[in-house]
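So you can see what is in the structure, the chains are spelled out below.
There are 2 protein chains.
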Amino acid sequence: MERTLINQISTQEGKTAQIKGRVFNIRNLGNIVFLVIQDYTGTIQTVFEKGIEIKIGDFVVLEGKVKKDERAKGGYEIQGEKIEIVSSVIEELPFDLAKNDLNLNLVTLLDNRTLALRHPKVQAIFRLYDILLKSYETALRENNFIEIKTPKLLGAATEGGANFFKVKYFEKEATLAQSPQLYKQIMVGVFERVFEIGSVFRAEPHFTTRHVNEYIGLDAEMGFIKDYKDVTKTLNQVIKKMFEIIEKEGKEYLKEYCIDSLQVPDEIPHIKLSELKKIIKEEYNYEIPKDTDIDPKGEELAGQYAKEKFNSDFLFITHYPWEYRPFYTMINSENPEETLGFDLLYKGLEIATGGQRIHSYNELITNMKKKKIKPNGLEFYLNTFKYAIPPHGGWGMGSERIIKQLLNLSSIKEAILFPRDVKRLCP
Amino acid sequence: MERTLINQISTQEGKTAQIKGRVFNIRNLGNIVFLVIQDYTGTIQTVFEKGIEIKIGDFVVLEGKVKKDERAKGGYEIQGEKIEIVSSVIEELPFDLAKNDLNLNLVTLLDNRTLALRHPKVQAIFRLYDILLKSYETALRENNFIEIKTPKLLGAATEGGANFFKVKYFEKEATLAQSPQLYKQIMVGVFERVFEIGSVFRAEPHFTTRHVNEYIGLDAEMGFIKDYKDVTKTLNQVIKKMFEIIEKEGKEYLKEYCIDSLQVPDEIPHIKLSELKKIIKEEYNYEIPKDTDIDPKGEELAGQYAKEKFNSDFLFITHYPWEYRPFYTMINSENPEETLGFDLLYKGLEIATGGQRIHSYNELITNMKKKKIKPNGLEFYLNTFKYAIPPHGGWGMGSERIIKQLLNLSSIKEAILFPRDVKRLCP
Chain A
2 MERTLINQIS TQEGKTAQIK GRVFNIRNLG NIVFLVIQDY TGTIQTVFEK GIEIKIGDFV
62 VLEGKVKKDE RAKGGYEIQG EKIEIVSSVI EELPFDLAKN DLNLNLVTLL DNRTLALRHP
122 KVQAIFRLYD ILLKSYETAL RENNFIEIKT PKLLGAATEG GANFFKVKYF EKEATLAQSP
182 QLYKQIMVGV FERVFEIGSV FRAEPHFTTR HVNEYIGLDA EMGFIKDYKD VTKTLNQVIK
242 KMFEIIEKEG KEYLKEYCID SLQVPDEIPH IKLSELKKII KEEYNYEIPK DTDIDPKGEE
302 LAGQYAKEKF NSDFLFITHY PWEYRPFYTM INSENPEETL GFDLLYKGLE IATGGQRIHS
362 YNELITNMKK KKIKPNGLEF YLNTFKYAIP PHGGWGMGSE RIIKQLLNLS SIKEAILFPR
422 DVKRLCP
Chain B
2 MERTLINQIS TQEGKTAQIK GRVFNIRNLG NIVFLVIQDY TGTIQTVFEK GIEIKIGDFV
62 VLEGKVKKDE RAKGGYEIQG EKIEIVSSVI EELPFDLAKN DLNLNLVTLL DNRTLALRHP
122 KVQAIFRLYD ILLKSYETAL RENNFIEIKT PKLLGAATEG GANFFKVKYF EKEATLAQSP
182 QLYKQIMVGV FERVFEIGSV FRAEPHFTTR HVNEYIGLDA EMGFIKDYKD VTKTLNQVIK
242 KMFEIIEKEG KEYLKEYCID SLQVPDEIPH IKLSELKKII KEEYNYEIPK DTDIDPKGEE
302 LAGQYAKEKF NSDFLFITHY PWEYRPFYTM INSENPEETL GFDLLYKGLE IATGGQRIHS
362 YNELITNMKK KKIKPNGLEF YLNTFKYAIP PHGGWGMGSE RIIKQLLNLS SIKEAILFPR
422 DVKRLCP
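Here the protein sequences come in this chain order: A and B.
The opening residue of the first sequence carries number 2 in the working numbering; numbering runs sequentially from there.
The opening residue of the second sequence carries number 2 in the working numbering; numbering runs sequentially from there.
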């Protein structure tokens with residue numbers, strides 16, 4: 002007998018169907034047993050008019066007659082005839098997966114990750130994450146970007162900064178890629194438009210609700226741009242397309258978080274960082290500390306301002322100061338203390354960083370000298386510019402931060418199957 | 002003026018069009034200059050009836066009248082009017098990118114990777130690789146698999162064996178994931194069908210044409226299987242779908258390698274390893290060494306046999322011996338010295354490894370003891386089985402090996418943008 006998926010059960014009305022799934026809940030009245038069975042498409046109630054030996058969590062294959070039942074969730078019930086346990090629980094579940102909300106604190110949630118993931122509300126996060134990955138690929142491919150995979154084991158730390166994990170690599174030392182930045186720039190000289198979905202490793206000792214030490218970056222880089230605004234425009238279109246797909250294909254999972262619709266402006270507002278600082282001071286009487294470009298509190302208020310002033314969840318902050326941006330960032334010709342680098346905020350949290358890059362070899366060398374970065378190990382990158390690369394720019398986006406903000410999760414770690422932080426390497 | 006992509010130039014016949022691209026070749030007759038311009042969709046010849054200062058490799062934006070010309074490649078030529086160099090070559094190219102074949106040895110090719118990638122025949126490899134990634138996603142999603150991303154930084158070596166890279170992880174030591182094996186199995190208990198496209202790290206000191214130390218794995222795992230044949234059947238369908246998409250969308254890139262069509266049997270032949278060994282001895286008088294399951298020479302002959310006997314480029318070898326398969330592989334109940342593990346060969350090279358897995362907690366523990374594997378650090382994995390996981394299996398496939406075999410490349414390193422081997426960490 003062929004299996005019927007639970008969300009297709011209406012096609013078998015009046016017939017005997019086979020379903021496969023996990024026992025999600027049991028009501029045992031002795032000689033009548035109600036089982037809720039869950040497969041990856043939904044749940045259905047099955048009634049057995051005889052005693053059966055079964056436990057919550059068992060995986061079963063069962064057969065029974067499909068009956069219409071207005072009272073049942075989904076509109077159908079199965080009159081159970083045969084049941085076979087194909088994999089059996091041998092230890093009692095530590096929490097009740099049938100509750101509407103697990104209500105675990107973050108540490109308990111993550112310590113019991115392999116089991117907590119069986120809860121529908123937790124699963125919904127990763128159903129949406131799957132759709133997010135797909136939507137990014139779709140949006141980029143529609144815009145003629147091709148997917149590349151760049152190495153994560155590097156011979157040299159690539160972007161300055163000390164936040165690299167070190168790897169013992171045979172007789173040498175390698176570092177783990179902090180981003181595909183330099184490689185994707187090189188590839189603009191080859192394919193003009195490239196994107197990558199890949200692992201990113203950051204040895205930052207942060208312990209916050211928005212940082213992890215390993216995540217999936219959504220990168221892109223494009224050539225023949227006029228200026229950074231070609232990049233923000235493309236990123237705007239990409240986000241809009243992604244959210245359209247997520248809203249359409251993720252409806253039932255968004256509902257678990259009481260979200261009906263997703264809005265992305267056709268033109269996300271742009272504000273220069275220097276102006277934004279004045280606005281935040283004037284509107285919210287908050288002074289961004291002098292030793293940073295913008296702090297989390299500042300980003301939060303910027304998000305609030307974008308919502309109040311433009312009714313937008315998104316905001317591009319542009320023209321970050323030269324001292325806070327990496328050596329490859331294009332300098333603003335009208336004000337060399339500023340770059341053509343930007344951040345994209347979503348509900349007051351940075352979800353993407355990008356900008357125009359320097360494409361002239363000589364400018365790159367000059368800027369590296371100013372930043373006191375040695376070219377050691379970066380020759381392959383620098384030399385490529387001698388053979389010309391068109392004017393270009395791009396972005397790096399944090400996939401899990403989008404989900405965190407979308408669902409208003411309290412920590413980014415909820416949006417990662419098996420998150421890594423300073424203390425957590427397991428599960 | 003809006004840019005026209007070169008493969009769309011026919012839409013502008015008789016009009017003035019703007020194109021952007023790299024100068025691919027120059028014929029300079031003094032007061033008449035022929036330029037071949039290349040963008041990411043193709044090449045076109047442009048004629049300027051005046052002297053211009055330009056070098057091969059420069060990136061330009063140019064305008065001119067589009068004229069039909071039967072003699073021209075693509076059927077059109079541009080009568081150049083305006084040209085602007087937006088990024089200029091400052092060092093002469095070390096080799097001629099306009100030649101039909103670069104003909105570089107592997108080391109020179111890889112040392113000059115950032116430039117060699119600008120050659121159309123090298124580019125074709127990565128155009129096909131992009132289509133391959135997309136085709137895998139498409140095939141898996143069509144079969145109800147959802148995409149997951151599992152951690153690459155692990156607290157414990159997961160599968161036995163010593164081939165792990167070690168990472169200094171704050172105060173601890175981490176290892177780099179050698180596969181998503183244990184995590185994807187856990188996720189079968191959650192989503193039933195999952196796949197992952199992700200980085201895989203192998204600290205193997207091999208120096209062959211088919212090994213690298215970092216690659217992109219195409220993994221999948223599925224629940225509620227009857228036996229390993231459900232897995233080989235699904236993998237067969239997936240490969241068939243992938244090759245259909247690659248043939249259709251990659252036509253012009255396959256042509257660079259003189260490939261017209263791709264064939265995948267509806268039913269890839271299956272042979273038990275023990276039988277195959279006898280056949281190889283009988284047919285080719287070759288004895289597979291005693292200290293291995295099968296050696297590369299044996300795989301090559303197996304591939305030859307599959308071609309001769311079944312006219313198939315693909316072959317499933319099944320029932321690998323217990324001693325050569327990891328602890329999670331299901332044991333053949335009819336012969337405990339064999340497992341229900343298989344390999345998939347493509348033109349005599351292993352491109353995928355898979356099998357049915359053990360889903361009973363007690364069997365897992367017993368098998369680990371027999372294999373002398375300590376459970377330290379694997380508790381999260383083992384405990385999950387106490388809460389039941391359905392019968393399941395899956396595969397891990399090497400994305401770059403498929404491309405190597407597809408195009409008959411001499412080394413897998415040609416199929417990786419920036420490959421990593423024992424000695425190579427750069428570029």
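Hint data in this document are derived by calculation from the structure and do not stem from the laboratory.
Given the structure is predicted, the values throughout are model-derived calculations rather than measurements.
Among the clues, some could well be false.
Heads up, the list lumps identical chains together, so a pair's fine if it works in one copy or across two of them.
The calculated BS3-like cross-link candidates involving lysine-lysine, where the alpha carbons are at most 25 Å apart (straight line), are [to be verified]:
1. 56 x 227
2. 230 x 68
3. 135 x 241
4. 173 x 16
5. 234 x 173
6. 135 x 169
7. 227 x 375
8. 100 x 56
9. 310 x 230
10. 227 x 308
11. 242 x 371
12. 273 x 56
13. 242 x 375
14. 252 x 227
15. 56 x 387
16. 424 x 167
17. 227 x 83
Hint by hint, which ones does this structure get wrong, listed from lowest number up?
When the structure is compared with the hints, numbers 2, 4, 5, 6, 7, 10, 11, 12, 13 and 14 turn out to be violated.
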